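Student: Sequence:
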Amino acid sequence: MSLSKNNFLDFIATEIEQFYGIRVPDHTQEEKITYTLFKYFFGIFKKKLDVYFLSGKAVNYQVHYFIFNFKIF
Numbered sequence: 001m002s003l004s005k006n007n008f009l010d011f012i013a014t015e016i017e018q019f020y021g022i023r024v025p026d027h028t029q030e031e032k033i034t035y036t037l038f039k040y041f042f043g044i045f046k047k048k049l050d051v052y053f054l055s056g057k058a059v060n061y062q063v064h065y066f067i068f069n070f071k072i073f
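Going by this note's numbering, the first residue of the sequence shown is number 1, and it counts up by one from there.
By construction, these hints were calculated from the structure, which means they are not laboratory data.
All of these numbers come straight from a predicted model, not from anything done at the bench.
Be careful, since some hints might not be right.
The following label-pair restraints were derived from C-beta to C-beta distances [unchecked claim]:
1) Glu17 / His64: 16 to 26 Å
2) Asp10 / Phe68: 33 to 43 Å
3) Asp26 / Ile72: 26 to 36 Å
Below, in silico cross-link-like pairs of lysine-lysine (PhoX-like), each with a Cα-Cα straight-line distance of 25 Å or less [stated by the list, open to error]:
4) Lys47 / Lys71
5) Lys47 / Lys57
6) Lys32 / Lys57
7) Lys32 / Lys47
8) Lys32 / Lys48
The beta-carbon is built from N, C-alpha and C at its ideal position, and this holds for glycine as well.
Construct all of the structure, not just a fragment, from the sequences and the given hints.
Tutor: See the structure below:
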């Protein structure tokens, strides 16, 4: 079974939607969109999702955790 590039890019968007419940736009001019997944204790602890785009399609994503606006991993 071979996957074409378009099917793989659609797989990334589907994976984000299933795991995080966020619908990624199909075509966008942005290179990166950041979504806040949750905040605790008035924003002291945050979890953010960065979605990276190339030619309007989602090509990668990363989850980052922040304490006092410092990235911990």
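Student: Run every hint past the structure and note whether it holds.
Tutor: Cross-check of the supplied hints:
The supplied range of 16 to 26 Å is met by Glu17 and His64, whose beta-carbon atoms lie about 19 Å from each other. For Asp10 paired with Phe68, a C-beta distance near 37 Å keeps the hint of 33 to 43 Å intact. Checked against the hint of 26 to 36 Å, the pair Asp26 and Ile72 passes, with Cβ atoms roughly 32 Å apart. Under the criterion of a C-alpha separation no larger than 25 Å, the hint pairing Lys47 with Lys71 is consistent with the structure, at around 10 Å.
Of the pairs offered as hints, the one joining Lys47 and Lys57 holds, with about 23 Å between alpha carbons and a cut-off of 25 Å not exceeded. For the hint pairing Lys32 with Lys57, the CA-to-CA distance comes to about 11 Å; that is within 25 Å, so the pair holds. Restraint check for Lys32 and Lys47: satisfied, since their Cα atoms lie roughly 16 Å apart, inside the 25 Å limit. Between the alpha carbons of Lys32 and Lys48 the distance comes to roughly 12 Å, so the proposed pair stays at or under 25 Å and holds.
Consistency with the previously given hints is maintained throughout, with no hint failing.
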